[in-house]
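A.B. asks: Sequence:
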Amino acid sequence: MDDIISKFTTHLKTALTRALCIVIEGDAKDIDPAHLLFALGTQEGCVAFDILEKTGITKADLRKLINLPENFVEEAQAPKNFIPALSQIGKLIIEKAVLTASVYEHKYVGTEHLLFAILQSKDEKILTFFAEKNIDLKVVQTNLSAVFKTTQTFPETEAQSLISEIEAVLNSNDDQDLRGLHDHDELIKIPALDFFTEELTSSENIETIDPVIGRDAEILRLMKILSRRTKNNPILIGEPGVGKTAIIEGLARKISEGDVPNILSGKKIHRLDLASLIAGTMYRGEFENRLRQLVDEVAEREDVILFIDEVHTIMGAGSASGSLDVANILKPALARGEIRCIGATTSAEYKKFIETDGALERRFEPIRVSEPSEEKTKEILQGILKFYEEFHNVTYTETAIEASIKYAGRYLTHKNFPDKAIDLLDEAGASVNVKRKDDQKTPDSTVLTERLKQITAEKNEAVMAENFAKAVELKDEETKILLAIDKIILAPPQKPLTVSDEDIIEVVAEITGIPLQKISQKEYKQLDNFEKELKKSVFGQVETVARVAQAIRRARLDIQPTNQPLSSFLFVGPSGVGKTELAKAIAKNLFHDQKAFLRLDMSEYSDKFTASKLIGAPAGYVGYRESSLLTDHVKEHPHSVVLFDEIEKAHPDIHNLLLQILDNGMITDATGRKVNFRNAVIIMTSNVGSMRFEQSGLGFSEKENTELLLNADLRKLLETSFSKEFLNRINHTCVFRPLDNKILKAILKKELKALSVRLQNKSANLKWTPEIEKYLLKKITPKFGARDVKRIVEQEIEHHLTDTLLKQTTSVPFSLELGILKNGKLFIKTKKIR
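Numbering-wise, the sequence shown is residues 1 to 834 according to UniProt numbering.
Read the hints as simulated data drawn from the structure, not as lab findings.
Mixed in with the good hints, there may be bad ones.
[To be verified] Each computed DSS-like pair below joins lysine-lysine, with the alpha-carbon atoms no more than 27 Å apart:
| hint | residue 1 | residue 2 |
| --- | --- | --- |
| 1 | 59 | 138 |
| 2 | 767 | 825 |
| 3 | 595 | 790 |
| 4 | 584 | 649 |
| 5 | 470 | 480 |
[Unchecked claim] The calculated label-pair distances, taken between Cβ atoms and stated as ranges, are:
| hint | residue 1 | residue 2 | range |
| --- | --- | --- | --- |
| 6 | 446 | 395 | 27 to 35 Å |
| 7 | 259 | 359 | 33 to 41 Å |
| 8 | 595 | 663 | 24 to 32 Å |
| 9 | 220 | 336 | 21 to 29 Å |
For every residue, glycine included, the Cβ atom is placed at its ideal position computed from N, Cα and C.
Throw the hints in and build the complete structure from the sequences for me.
C.D. replies: Below is the structure:
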């Protein structure tokens, strides 16, 4: 009987006691559903009372239901002499209440379950009462179902045991067992620690905790703070993924192994599940009662240390209008030293939530957890490697460990060690497992899975029909099927597979979106052809293209420092010589991704306030926390080319912004978020010195060294537009020579070929004679460069082609021949292709 009563909530036990008193005072023979309904409707503070109150049922209505005189004084004490028995329908209602808790897998039997059972009983007196009040029972049952679905659950085996016990008691003739309903209130309590926390020091959890390596100093500091007389509440502060939770788990392991000071010996660390604490608290005071009960239990037990992960979430959690949140409820207990609490949060959240509440901040003693070095990360990986090998049934090579550290540090800059390196190892193991042919898996597993669904459905139907004997049989069959499925699907293969550095590289390629060959040994061959690929897009800039290609090769081979952008360039030259085109070609051939290119026209950033468009508006200004063009792009696409076009037109504040990027490869946006530019190529273009190019004539001789020009008057011209510290931070300043007629002719041929390719989609084959090229070259103004070539092709060729194409009414393939008449005019001749 004690086990049964321990599952009844305090409100339910009080309500049952009240029903007993009512029956005795009214001289009734037994307890019927009306007495139970009256007890629920007068038990203020319980869920059933709140639901009945919302329907409009009053205490006067309930008194009238059971013919209770108005001068009757309710007692909360059970009488000492005669105890009336439950009526037959009353017993069924109690059974139904327990069954309802079982079906919804609740950890307790409460007033809401009893109310649901009363409504399900179809008692004529109850049905008449609700009908007279014009209350739809389906609406009430819907409200109850909503409560049930949001309430904490407990294991099915525990529920089945409870059902068996309640049946045995209710079918017995020992009415005296009901006397203890009220007497057990003080002796038996629902343990909130079991419901809302998880014990990390339990043997089951210790077996699943990975060993903590390289954090001895932090764990020692943690033990020192916990051993203090006052302010013994440490809080771990560090970036996501550095191992804050792992340090707590490491302390739990040390406690379980006895490797702690005497003052911490035998302590138990309980991790608070804040979500389950809040779940289902629909009514005022319910959440506070849960938390108060939890705090009282922790205070009573000196061996319990409470651990709150993401401790900043206690600010405002569970609060409603006029009620307290978790933080304010915990403050008094922390201040008096009644409980010991460990917190963990990030630096940003600590500053935003904890530091702003001085009263809460002083309760905790901070421990800063920094990101481990690559050497320390390697030690950590080697220490936990066997657990991942056992889980994935693979073996990791030494090169795989080194590759995970190398590529995680290089390409996953938005994460922290050791978490990002562990992620690579874990996913590589999973990837190898997914690819393997698992000959242990047979078609029988699918058949068994379908059979399992059928058995589970039949079992639930048996439970709802109160056919528990059949439900137990089906449960046994369900267990056998699960074991069979586990044996078929989860049986590991005989020989573990090997995870190499190539598997790590493949995972990095999938995560970053960079094609595999771009970050593996195959990249060397591609880098050899990098210069040739650039020359296919940019004409007449042989020296500049060679210099840019060499700089990119050097950066990709990790020869230069890694605390700067991949490379930075200042492209100087007149308009239309290929500066922007070369930037696009670098993005295309280096990253092979259309999204890996961002062009920023600096003519739009000539004012001081426009800097906010790049990194976001500062706090307090319109647009704060809205998207920022530069930092958001690099955050999403860290491997990209960022082009600052016509940089001399930008405000000096933009130049100062670039100083941080060029010097450290990092920048902090308006929200305090650090953005990494170390995998980006920074390119700036400038037209400074255009007059100098025009004065020197069109084109340079092939033997002329453009460095002589740069080191002479062009360098002085640059210093008039940019500060020396800005110019000195740029890796390479490249001069683009003006284009001569030979280069313009090559660009013209490229544009005509591109037009021909586009026309093929219209079933047209474009042909032209050398006279066409001469005709177009005469119309090109060399000082306007390649842009003028595109303009002439558009005006002279595409304009006439448009009129010709509109006259073609059939989809039959045809040719378009361009030529020049004797009078010097252009003509287009169409001819069907047979």
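A.B. asks: Each hint should be assessed against the structure and marked as holding or not.
C.D. replies: Here is what the structure says about each hint:
1. 59 / 138: The given pair, whose Cα atoms are some 22 Å apart, holds under the 27 Å limit.
2. 767 / 825: holds (17 Å)
3. 595 / 790: Between residue 595 and residue 790 the Cα gap is close to 25 Å, so the pair holds against 27 Å.
4. 584 / 649: Status holds; Cα separation ~21 Å.
5. 470 / 480: OK: residue 470 and residue 480 at ~16 Å, within 27 Å.
6. 446 / 395: 27 to 35 Å: holds (31 Å)
7. 259 / 359: 33 to 41 Å: About 35 Å separates the Cβ atoms of residue 259 and residue 359, which means 33 to 41 Å holds.
8. 595 / 663: 24 to 32 Å: holds (26 Å)
9. 220 / 336: 21 to 29 Å: Between residue 220 and residue 336, where Cβ atoms are some 27 Å apart, the hint holds.
In terms of the numbered hints stated before, the structure departs from none.
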